[in-house]
Structure formats: C-alpha cells, structure tokens
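Visitor: Sequence:
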Amino acid sequence: MAFSLNKIMLIGNLGKDAETRFTNNNVSVSNFSLATTTGYKGKDGNWVNETTWHNIVAFNLSDYFKDNLKKGKKFYIEGRLTKRDYTDKEGIKRYSTEVVAEKLIPLEASGSGSGEGGGAVYSDESSAGGNTNEPDMSVDNNNDLPF
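Be aware that the sequence shown starts at 1252, since it is given in this note's numbering, and climbs by one per residue.
Bear in mind the hints are in silico, worked out from the structure with no lab data behind them.
Wrong hints could be hidden among the right ones.
What follows is a set of in silico ranges between Cβ atoms, one per label pair, in the way DEER data are often shown [said to hold, decoys possible]:
no.: 1; residue 1: Asn1297; residue 2: Asp1339; range: 37 to 43 Å
no.: 2; residue 1: Arg1272; residue 2: Tyr1346; range: 18 to 24 Å
no.: 3; residue 1: Thr1271; residue 2: Gly1293; range: 17 to 23 Å
no.: 4; residue 1: Asp1314; residue 2: Thr1287; range: 22 to 28 Å
no.: 5; residue 1: Met1260; residue 2: Gly1293; range: 36 to 42 Å
no.: 6; residue 1: Asp1295; residue 2: Ser1347; range: 31 to 37 Å
no.: 7; residue 1: Thr1271; residue 2: Arg1345; range: 18 to 24 Å
no.: 8; residue 1: Gly1323; residue 2: Phe1254; range: 19 to 25 Å
no.: 9; residue 1: Arg1335; residue 2: Lys1258; range: 15 to 21 Å
no.: 10; residue 1: Glu1270; residue 2: Asp1295; range: 38 to 44 Å
no.: 11; residue 1: Glu1341; residue 2: Asp1318; range: 30 to 36 Å
In silico lysine-lysine, BS3-like type, Cα no more than 25 Å apart, as pairs [claimed, not checked]:
no.: 12; residue 1: Lys1258; residue 2: Lys1340
no.: 13; residue 1: Lys1354; residue 2: Lys1294
no.: 14; residue 1: Lys1340; residue 2: Lys1294
no.: 15; residue 1: Lys1292; residue 2: Lys1334
no.: 16; residue 1: Lys1344; residue 2: Lys1324
no.: 17; residue 1: Lys1317; residue 2: Lys1267
no.: 18; residue 1: Lys1354; residue 2: Lys1258
no.: 19; residue 1: Lys1322; residue 2: Lys1344
no.: 20; residue 1: Lys1344; residue 2: Lys1334
no.: 21; residue 1: Lys1317; residue 2: Lys1258
no.: 22; residue 1: Lys1267; residue 2: Lys1340
no.: 23; residue 1: Lys1292; residue 2: Lys1317
no.: 24; residue 1: Lys1344; residue 2: Lys1321
Small disclaimer: the values here were computed from a predicted structure and weren't measured.
C-beta: ideal position from N, C-alpha, C; glycine also.
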C-alpha cells in the first residue's frame, strides 16, 4: 500500500469576510481568502515581503465562526489542497486551487477579554481518516460560482 499525504497548515490574516451559501442538501459552504506573508532579503540587501493569497472553503461552520471570520482577523487553518474546474458565465473553463479547511483556530482575542483565541476551534471530523465523500456542491441559486 502506498502512503500519501495531503495536508496544509497556514497562519495568516483574512482578506475578506467569509461568504456562506447553502447547497441543495442544506450543507453550509463558507468561502474566504487568507493572506500569508514571507520575507526575504532582496539583491539590493533590503527586506522584501511577499504575500500569498489562499482560497479557503469550510463546510458546516458554527454560527460563531460565520460571525467571526472577518477581514483582517488572524487564524490558524489546517486542511488539504484540492483542485477543481468550472465554466464561468462566459463559457470559459476556469481552474481553482483551494484549501478545504479541517481545523480553524482564531489567534486573537474576540473582544470578550477571554484571552488568546477565545477557546473556539472548528474541526471537521468527517474529513479525517481519508474520507473522500465530498458534500454535494450543487447550489440552489444562480450566483456566480466559484465561491
């Protein structure tokens, strides 16, 4: 049996508020972007910051996360990479690489004074252990997809 691993761990700031939609099977799908920054010394000796944007998708988030996934907040996100393709409204085939979140941890206090992160953790147990059964991604409205 061959061993394989698809795991990504990110710490960064949200680039926009999470958008949540529901599939035909009433599964909530939340999408947002996360920015990670790496610094390196350029040829001229000055430090250069390079930002990478990641598209994140999470299924069945609690109301806490739906309310707190706001632009600028810092989060730890653990999940797996996935690729998909779709056809846009103009009939052009597009490709997308996303991180399917399996764990979300806020890294800053939520204003309640309860300390770092407030103790809330999202963990998608259904995706652990190699379960490849993705929820039905068909959406019941005609909004511009992908998420």
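Visitor: For each hint, tell me whether it holds in the structure or not.
Guide: How the hints compare with the structure:
1. With their beta carbons about 40 Å apart, Asn1297 and Asp1339 fall inside the hinted range of 37 to 43 Å.
2. Taking the beta carbon of each, Arg1272 and Tyr1346 are about 20 Å apart, inside 18 to 24 Å as hinted.
3. Under the hint 17 to 23 Å, the C-beta atoms of Thr1271 and Gly1293, about 40 Å apart, miss the expected range.
4. Under the hint 22 to 28 Å, the C-beta atoms of Asp1314 and Thr1287, about 27 Å apart, fit the expected range.
5. Restraint check, Met1260 to Gly1293: a C-beta distance of roughly 27 Å breaks the suggested window 36 to 42 Å.
6. For the pair Asp1295 and Ser1347, the supplied restraint of 31 to 37 Å holds, since their beta-carbon distance comes to about 36 Å.
7. Range check, Thr1271 to Arg1345: Cβ separation about 22 Å, and the 18 to 24 Å hint holds.
8. A beta carbon spacing of about 39 Å between Gly1323 and Phe1254 contradicts the range 19 to 25 Å that was offered as a hint.
9. A hinted range of 15 to 21 Å holds for the C-beta pair Arg1335 and Lys1258, which are about 19 Å apart.
10. The hint said 38 to 44 Å for the Cβ distance between Glu1270 and Asp1295, and at roughly 40 Å that hint holds.
11. Separated by about 35 Å at the C-beta atoms, Glu1341 and Asp1318 satisfy the suggested range of 30 to 36 Å.
12. Only pairs whose Cα atoms come within 25 Å are accepted, and Lys1258 paired with Lys1340 is rejected, the gap being roughly 32 Å.
13. Between the alpha carbons of Lys1354 and Lys1294 the distance comes to roughly 38 Å, so the proposed pair goes past 25 Å and is violated.
14. Between Lys1340 and Lys1294 the CA atoms are separated by roughly 43 Å; this puts the pair beyond 25 Å, and the hint is violated.
15. Restraint check for Lys1292 and Lys1334: not satisfied, since their Cα atoms lie roughly 32 Å apart, outside the 25 Å limit.
16. Between Lys1344 and Lys1324 the alpha-carbon distance is near 33 Å, which puts this suggested pair outside the 25 Å criterion.
17. About 12 Å separates the Cα atoms of Lys1317 and Lys1267, which keeps this hinted pair within 25 Å; it holds.
18. A distance of roughly 11 Å separates the Cα atoms of Lys1354 and Lys1258; the hinted pair therefore holds under the 25 Å criterion.
19. Between Lys1322 and Lys1344 the CA atoms are separated by roughly 29 Å; this puts the pair beyond 25 Å, and the hint is violated.
20. Among the hinted pairs, Lys1344 with Lys1334 is consistent with the structure: their alpha-carbon atoms are about 13 Å apart, no more than 25 Å.
21. With a CA separation close to 23 Å, the supplied pair Lys1317 and Lys1258 stays within the 25 Å bound.
22. For the hint linking Lys1267 to Lys1340, the alpha-carbon distance of about 23 Å falls within 25 Å, and the restraint holds.
23. The hinted pair formed by Lys1292 and Lys1317 fails the criterion: a straight-line CA distance of about 38 Å is larger than 25 Å.
24. Note on Lys1344 and Lys1321: the hinted pairing is violated, with a Cα-Cα distance of about 30 Å set against a maximum of 25 Å.
Figure legend: structure checked against the earlier numbered hints; hints not met, in rising order: 3, 5, 8, 12, 13, 14, 15, 16, 19, 23 and 24.
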